Amino acid sequence: MHLSRSLHPYLLLLGPGLVFAGFFVWPLFTLTVVSFYDYSRMTGIVEEFTTKNYARILFDEYYRGIVFQTFRLGMITAAVTVVIGYPVALYLTVAKPRARALVLLFVLSPLLISVIVRSFGWVMIVGPRGLLENLLSFAGISGGNLLHTEFAVILGLVNVLLPFVVLSIATSLQAVDPAIPLAASSLGASPFRSFMSVTLPLSLPGVASGVLIAFSLSVSTFVTPAVLGGPQFKVLSTTLFQQAVVLQNWPFGAALAVTLVFIVLLAVTLQFRLVEQGRYKAAFR
Amino acid sequence: MISDRARTLLGLYSAIICVFALLPVGRSWPSPSPRRTGLPPEKWPSLK
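Residue numbers (my numbering), protein chains in the order written: chain A, 1 to 285; chain B, 286 to 333.
These aren't lab readings, by the way, just hints derived from the structure by calculation. No experiment lies behind these values; they were computed from the predicted model shown. Think of the CB as a built atom: it goes at the ideal place given N, C-alpha and C, for glycine as much as any other residue. Possibly wrong hints are sitting among the right ones.
Unchecked claim - Simulated coverage check for chain B against chain A, where a stretch passes if three residues somewhere in it have a Cβ under 8 angstroms from a Cβ of chain A: (1) 288-299; (2) 303-310.
Claimed, not checked - Quick list of simulated restraints, FRET-style, between CB atoms: (3) B:Pro325 <-> A:Met42: 28 to 38 angstroms; (4) A:Phe24 <-> B:Phe305: 49 to 59 angstroms; (5) B:Val310 <-> A:Pro27: 32 to 42 angstroms; (6) B:Val310 <-> A:Ile180: 32 to 42 angstroms; (7) B:Leu297 <-> A:Ser142: 25 to 35 angstroms; (8) A:Gly143 <-> B:Val304: 19 to 29 angstroms; (9) B:Leu294 <-> A:Thr32: 45 to 55 angstroms; (10) A:His8 <-> B:Ala291: 42 to 52 angstroms; (11) A:Ala179 <-> B:Ala291: 13 to 23 angstroms; (12) A:Leu13 <-> B:Arg290: 46 to 56 angstroms; (13) A:Ala21 <-> B:Phe305: 17 to 27 angstroms; (14) B:Val304 <-> A:Met42: 48 to 58 angstroms; (15) B:Val310 <-> A:Thr51: 38 to 48 angstroms; (16) A:Phe272 <-> B:Ile301: 53 to 63 angstroms.
With the hints as extra help, turn the sequences into a complete structure.
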């Protein structure tokens, strides 16, 4: 039998598609099903339909606070990472090849080390009797112990996510035709003006995808809030680990996981709306 | 496009960010074990 040519692309997709369906879509589906089950402390999972797990997340002050804290962490981390990373990305596009290779190497090298090791590295710096506390007390200032604060978690996350954001912004900056800012200069714009009204708007798609990467990775991260935030700092990932693994309440843990997936999906949709649909509108207003 | 001075400033900034990125990777500040400082246990720093 002869397959029509138009079927070939789908045949190529078959392998990855099956893996994706079997190891991602199906577990996510069962997770969603489990999140609607009931739970009893005596008998464990009760296979009866209930929406009380979601009601608990939505209406319980404590869990709503955790969802809010997760959102807050993601947004602050994304904002700080973009503000810190943008100048580096800009430098990568204007630097001489040698300097660019060097900076790129150093920006990327932390990715070679596991997030866990880096989080413990931050414990050594911001923790009790750490570098920061020692330096500050040398200057006569107290309060250098920042371990188990939101600040420490954001610091650790910004450090981990910086390479992703720098690369994503640098890619979109490199795609800007150098003739366009040159044209702006030839029309009398100052370097600052040509950057603000030409280069920056053209790089916004990269900024948006950088924000998306930083946001979705930081709301779903587990190690950094667990190590640097301590037991008092609750986000969705640490809470769902506690519910599912420590308290064995799988239905509620599943509901928290589905909420987390929903938050990330929301961010992806928003990014798609902003960037893919309004791409040229935003760039050439 | 971008002036030489702006590029130098950006380069300096990038170098600082590189140090920030590598800060927790290198050998960290020696944080001596409380045992080795010779202080009695009641003077050991609290972990809180």
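Outcome of range test on Cβ distance (Val304 of chain B, Met42 of chain A; 48 to 58 angstroms):
holds, 56 angstroms
Cβ-Cβ distance between Leu294 of chain B and Thr32 of chain A: within 45 to 55 angstroms?
Holds - the Cβ-Cβ distance for Leu294 of chain B and Thr32 of chain A, about 51 angstroms, lies within 45 to 55 angstroms.
Satisfaction of the hinted span 38 to 48 angstroms by the C-beta atoms belonging to Val310 of chain B and Thr51 of chain A
holds, 46 angstroms
Using the Cβ atoms, figure out if Leu13 of chain A sits within 46 to 56 angstroms of Arg290 of chain B.
For Leu13 of chain A and Arg290 of chain B the Cβ distance comes to about 51 angstroms; the hint holds.
Range first: 19 to 29 angstroms. Now tell me if the beta carbons of Gly143 of chain A and Val304 of chain B are that far apart.
Once the Cβ atoms are compared, 23 angstroms apart, the range 19 to 29 angstroms for Val304 of chain B and Gly143 of chain A holds.
Measuring from beta carbon to beta carbon, are His8 of chain A and Ala291 of chain B in 42 to 52 angstroms?
About 51 angstroms separates the Cβ atoms of His8 of chain A and Ala291 of chain B, which means 42 to 52 angstroms holds.
Within 32 to 42 angstroms or not, the Cβ separation of Val310 of chain B and Pro27 of chain A?
holds, 34 angstroms
Using the C-beta atoms of Leu297 of chain B and Ser142 of chain A, is the stated range 25 to 35 angstroms upheld?
31 angstroms Cβ-Cβ, so the 25 to 35 angstroms window holds.
Check whether three or more residues of the segment 288-299 of chain B sit with their beta carbon closer than 8 angstroms to a beta carbon of chain A.
Since three or more residues must qualify, the claim that chain A covers the segment 288-299 of chain B holds, with 7 doing so at under 8 angstroms.
When you take the CB atoms of Val310 of chain B and Ile180 of chain A, is the distance between them in 32 to 42 angstroms?
For Val310 of chain B and Ile180 of chain A the Cβ distance comes to about 38 angstroms; the hint holds.
Pairwise beta carbon distance, Pro325 of chain B to Met42 of chain A, judged against the given window 28 to 38 angstroms:
Violated, at about 49 angstroms.
Measuring from beta carbon to beta carbon, are Ala179 of chain A and Ala291 of chain B in 13 to 23 angstroms?
holds, 19 angstroms
The structure fails hints 3, 4, 13, 16 (numbered hints given earlier, in ascending order).
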